[in-house]
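> For reference, the chains in residue letters:
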Amino acid sequence: MTIPSLPDTAVVLGARVDDWRAAVREAGRALTRSGATREEYADRMIAVIEEFGAYVVIAPGLALAHARPGPDVRREGLAIVTLAEAVPFGHPHNDPVAVVVGLAVSNADEHVASVAKLANAFNDSGIVARVAAASSAAEVRSILGIDDEAGAGS
Amino acid sequence: MRIVAVCGVGIGTSAILKVNAERALSRLGLTADVSASDLAGVADAAADAQVILTSTELAAAVRKAIGRSFAEIIEVQNYFDVDEIGTKLEESLG
Numbered sequence: 196m197t198i199p200s201l202p203d204t205a206v207v208l209g210a211r212v213d214d215w216r217a218a219v220r221e222a223g224r225a226l227t228r229s230g231a232t233r234e235e236y237a238d239r240m241i242a243v244i245e246e247f248g249a250y251v252v253i254a255p256g257l258a259l260a261h262a263r264p265g266p267d268v269r270r271e272g273l274a275i276v277t278l279a280e281a282v283p284f285g286h287p288h289n290d291p292v293a294v295v296v297g298l299a300v301s302n303a304d305e306h307v308a309s310v311a312k313l314a315n316a317f318n319d320s321g322i323v324a325r326v327a328a329a330s331s332a333a334e335v336r337s338i339l340g341i342d343d344e345a346g347a348g349s
Numbered sequence: 194m195r196i197v198a199v200c201g202v203g204i205g206t207s208a209i210l211k212v213n214a215e216r217a218l219s220r221l222g223l224t225a226d227v228s229a230s231d232l233a234g235v236a237d238a239a240a241d242a243q244v245i246l247t248s249t250e251l252a253a254a255v256r257k258a259i260g261r262s263f264a265e266i267i268e269v270q271n272y273f274d275v276d277e278i279g280t281k282l283e284e285s286l287g
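Residue numbers (the working numbering), protein chains in the order written: chain A, 196 to 349; chain B, 194 to 287.
No wet-lab data here; the hints were simulated from the structure. Don't be surprised by glycine CBs; every beta carbon is placed ideally from N, CA and C. Do not take every clue at face value.
Stated by the list, open to error - For lysine to any residue, the following SDA-like pairs were computed, each having C-alpha atoms within a straight-line distance of at most 20 Å:
hint	chain 1	residue 1	chain 2	residue 2
1	B	281	B	216
2	B	257	A	245
3	A	312	A	202
4	B	281	A	318
5	B	257	B	274
6	A	312	B	220
7	B	281	A	312
8	A	312	A	302
9	A	312	B	215
10	B	281	B	223
11	B	281	B	215
12	B	281	A	255
13	B	257	A	248
14	A	312	B	274
15	A	312	B	276
Stated by the list, open to error - Covered, in the sense of this in silico footprint (three residues per stretch, anywhere, with C-beta under 8 Å from a C-beta of chain B), are these stretches of chain A:
hint	segment
16	290–303
17	316–325
18	328–339
Taking the hints into account, I'd like the entire structure generated from these sequences.
Pasting the structure below:
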């Protein structure tokens, strides 16, 4: 049971974006750079929000962008994008969003365990602000309890 | 007791809600079978459930999807706030 790895290529700090689509696209680019997904995955993450609304904004300031498993997912992956200026996603309670977590999973079963770990990391109420203020990928990993670039152990 | 956590695509957010609902139940000293579902599958998944957990954003769609069901829909604002989830579950189950 591991949190997906979080290499430097999957972390974008202080991104400047005009709207939520651009914010999600940054997360998609980070997932692609890290080798987890193909470029098309970003479009599918955006489509989820277009279809179902901004429910992916699951805590104040935090969006969990994701889509179903698909051929554009090469392997499980995690990306973190912090925004220089928070943008609204259209959520009634949790806007604006300062941190976008991108998640890609290749099958529904493997992801439950890793998401559970992610949930543990984010259960600390101050953590979104701390991630938003982080100045390096290593600091983000440290805040989230991810041991190294290859991902946390058990 | 059965509880279903629902999100749009049935991965990611619903899994987080499931994990934190289990944590909240444990704090309350309650046990329940908590599963995760996507919106498309919620009618089946929640057929014998007492409680459906979802976001405010999806509540109307969930209500429409389940049709005639006795499950109570609980709207969660902060998926990481175990206290919020616990309080709402306690109100519903108590």
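> Checking against the hints above, which ones are violated?
5, 7 and 18
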